[in-house]
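Place chain B on chain A using the hints.
Residue strings, one per chain:
There are 2 protein chains.
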Amino acid sequence: MDTERTEIGALGEFGLISELTRNLPSRQKSTILGVGDDAAVISAPEKGLHTVVSKDLLCEGVHFDLMYAPLKHLGYKAIVVNISDICAMNAKPTQVLVGLALSNRFSVEAAKELYSGMQLACERYGVDLIGGDTTSSRAGLMLSVTALGVVQEQNMTLRNGAKSGDLLVASGELGGAYMGLQVLEREKHVFKEAPGAQPDLTGFEALLERQLKPEARVDVIEELAKLELVPSAMIDISDGLASEALHIAAQSGCGVRVYEDKIPMSEQMYETARAFNLDPTLCTLSGGEDYELLFTVPQDRFEDIRNHPMFSIVGHMTEDPNERKLITRNGMETELKAQGWDGLKDPS
Amino acid sequence: MDTERTEIGALGEFGLISELTRNLPSRQKSTILGVGDDAAVISAPEKGLHTVVSKDLLCEGVHFDLMYAPLKHLGYKAIVVNISDICAMNAKPTQVLVGLALSNRFSVEAAKELYSGMQLACERYGVDLIGGDTTSSRAGLMLSVTALGVVQEQNMTLRNGAKSGDLLVASGELGGAYMGLQVLEREKHVFKEAPGAQPDLTGFEALLERQLKPEARVDVIEELAKLELVPSAMIDISDGLASEALHIAAQSGCGVRVYEDKIPMSEQMYETARAFNLDPTLCTLSGGEDYELLFTVPQDRFEDIRNHPMFSIVGHMTEDPNERKLITRNGMETELKAQGWDGLKDPS
Numbered sequence: 001m002d003t004e005r006t007e008i009g010a011l012g013e014f015g016l017i018s019e020l021t022r023n024l025p026s027r028q029k030s031t032i033l034g035v036g037d038d039a040a041v042i043s044a045p046e047k048g049l050h051t052v053v054s055k056d057l058l059c060e061g062v063h064f065d066l067m068y069a070p071l072k073h074l075g076y077k078a079i080v081v082n083i084s085d086i087c088a089m090n091a092k093p094t095q096v097l098v099g100l101a102l103s104n105r106f107s108v109e110a111a112k113e114l115y116s117g118m119q120l121a122c123e124r125y126g127v128d129l130i131g132g133d134t135t136s137s138r139a140g141l142m143l144s145v146t147a148l149g150v151v152q153e154q155n156m157t158l159r160n161g162a163k164s165g166d167l168l169v170a171s172g173e174l175g176g177a178y179m180g181l182q183v184l185e186r187e188k189h190v191f192k193e194a195p196g197a198q199p200d201l202t203g204f205e206a207l208l209e210r211q212l213k214p215e216a217r218v219d220v221i222e223e224l225a226k227l228e229l230v231p232s233a234m235i236d237i238s239d240g241l242a243s244e245a246l247h248i249a250a251q252s253g254c255g256v257r258v259y260e261d262k263i264p265m266s267e268q269m270y271e272t273a274r275a276f277n278l279d280p281t282l283c284t285l286s287g288g289e290d291y292e293l294l295f296t297v298p299q300d301r302f303e304d305i306r307n308h309p310m311f312s313i314v315g316h317m318t319e320d321p322n323e324r325k326l327i328t329r330n331g332m333e334t335e336l337k338a339q340g341w342d343g344l345k346d347p348s
Numbered sequence: 001m002d003t004e005r006t007e008i009g010a011l012g013e014f015g016l017i018s019e020l021t022r023n024l025p026s027r028q029k030s031t032i033l034g035v036g037d038d039a040a041v042i043s044a045p046e047k048g049l050h051t052v053v054s055k056d057l058l059c060e061g062v063h064f065d066l067m068y069a070p071l072k073h074l075g076y077k078a079i080v081v082n083i084s085d086i087c088a089m090n091a092k093p094t095q096v097l098v099g100l101a102l103s104n105r106f107s108v109e110a111a112k113e114l115y116s117g118m119q120l121a122c123e124r125y126g127v128d129l130i131g132g133d134t135t136s137s138r139a140g141l142m143l144s145v146t147a148l149g150v151v152q153e154q155n156m157t158l159r160n161g162a163k164s165g166d167l168l169v170a171s172g173e174l175g176g177a178y179m180g181l182q183v184l185e186r187e188k189h190v191f192k193e194a195p196g197a198q199p200d201l202t203g204f205e206a207l208l209e210r211q212l213k214p215e216a217r218v219d220v221i222e223e224l225a226k227l228e229l230v231p232s233a234m235i236d237i238s239d240g241l242a243s244e245a246l247h248i249a250a251q252s253g254c255g256v257r258v259y260e261d262k263i264p265m266s267e268q269m270y271e272t273a274r275a276f277n278l279d280p281t282l283c284t285l286s287g288g289e290d291y292e293l294l295f296t297v298p299q300d301r302f303e304d305i306r307n308h309p310m311f312s313i314v315g316h317m318t319e320d321p322n323e324r325k326l327i328t329r330n331g332m333e334t335e336l337k338a339q340g341w342d343g344l345k346d347p348s
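Chains A and B, in that order, are what the protein sequence lines are.
Residue 54 in the working numbering sits at position 54 of the first sequence; the count goes up by one each step and never skips.
Residue 267 in the working numbering sits at position 267 of the second sequence; the count goes up by one each step and never skips.
Just so you know, the hints here were simulated from the structure itself, not pulled from any lab data.
Remember, it's a predicted structure, so these values are computed and weren't measured experimentally.
You may find that some hints are simply not true.
Identical copies go unnamed one by one, so any copy, or any two together, can satisfy a pair.
[Unchecked claim] Once the Cα atoms are required to be at most 30 Å apart in a straight line, the calculated DSSO-like pairs of lysine-lysine come out as:
(1) LYS29 x LYS47
(2) LYS112 x LYS337
(3) LYS262 x LYS337
(4) LYS213 x LYS72
So here's chain A without its partners, still in its complex pose (with noise of 0.2 Å):
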């Protein structure tokens, strides 16, 4: 793909972080200083906002496989991830910070394709890159990244304020970015049983735009704000449903039931794990990486929610907090387990 390679080693850390940083837009009125000096400066914000900061690491051969992921998709990605867990605060996501190491293997063009793929990020979202830190690795691409964010006082949520009755809420549909990485993994397959045989991804689109470049709730964030409506707890799905239906039940002390007809999942997602002979819904439970949010709000809001095209209430929350139960499509009650995807499990 690339044409030209400059070595990393000849611009050296200095000179490949000001290629990298040039020309950065500056989108917020908070940031007083980006990248370029010792640390970057925002101004406080506005009484009664509160700042919220995430980080995320993402490292190849554990959270990415460079054989599919193409480096822009991935910049884009790393952003988005950090600004998803800002969104499940209810919070505006405002700034990010980008550190990068990289193994000599990758040239500047490889590390310029990856930053292209951030400030693309930082563009749809109006974030600014504000600062960071570019050095080598001895092994493999890895990205670490921080963002800021602000929310109201009174609208910031946390894991733990669900409460009994509570109606469970996610937003879009699941299970897609899960399917799209076993067609990529598929396809992987067949290319090294074959080298040189051309990966069959046609049809798959949709599900592997959510592998590789998923979107973050930001217009989740801004329809709750105009319905007035703050949820009692929310939590991004990073992990799949049911890990994270069982966080936000863990930290609140509550019991949760979780309905399998109410789960949103696309045709096409459907279709593709039958195909695969995969269980639908286990790739909604235990796929992980679709980044919708996943949330509770109290019953009487239940007009809100029943009908709105961005939501489906797909269970609520009980009394007891040993109560985790999924009720299959034929009313069968089963234990709902987090059998999530977990970046500490053995990559090999």
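Chain B alone, transformed into the frame defined by chain A:
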């Protein structure tokens, strides 16, 4: 050292994080919410204060060698180098977030050892560990720290405010961290030739401490406040005096003259350098990792600085932005060159 070894996979990501972040104290009033949700929350600082944010990566084999860096020291150092960046803005450190990527050769006990060093540094500097991420890596250990601090708007000190005629001032003594590294490298070499040989580090304790357990100069920031002295420019010395002096000069559009006989060095550093056949001056100019502060002040503050035990006037800024001079002990003028340690040089 460790008698127990618990595999990280046995706890999983959430288990490890909760093991590592149990009982984290909160020391800063501004910390509203620490570890355990999608993001940490901090309250807006008082009117007139800005927030500063810095981020640094430390990669195994590039920034540290576990053959001689004990994990606890490494955790301590990872926090300190970020706090040093906050100091370099003339700000007060308040919170840190920690990202940790570990390969499966590390045990839970090793991760706890690292964390204990980070917590010790947090205690020493009165900052709160409010969040982060823990994940596996394919190879080695990588630490990513984000530090936050606050600064009075009018005290904020960037790199670009130095003026011609300003005095160039360094805190503490330079070159010690680099000499400590040379001692460790020598003993590593001896050990490789004759495994089982006990390292001979007696008499080098102070240098080793500079390398393995550096401190950030928050006391210098406090002293500047007492003196009601806001430097015109400031940077922390992580890459050697030459590199940092040139950064201030370049970003301020000034020239700079550094006087060899004014560079502060300890007798031990000097003697050890000579014994290693190294030029002590070069160790201070290009050695790096001292984490002292380098700043500029107008000449009319000369009296505040000249006999102050914390400070050494090492040179001054000049009109011509092309002037970058080292004036040697014998009065010769040579080019001041940044041969600083570069995180992007091939680590092998």
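We went through each hint and held it up to the structure:
no. : hint            : result
1   : LYS29 x LYS47   : both (15 Å within a copy, 16 Å between copies)
2   : LYS112 x LYS337 : between (41 Å within a copy, 28 Å between copies)
3   : LYS262 x LYS337 : within (17 Å within a copy, 67 Å between copies)
4   : LYS213 x LYS72  : within (9 Å within a copy, 38 Å between copies)
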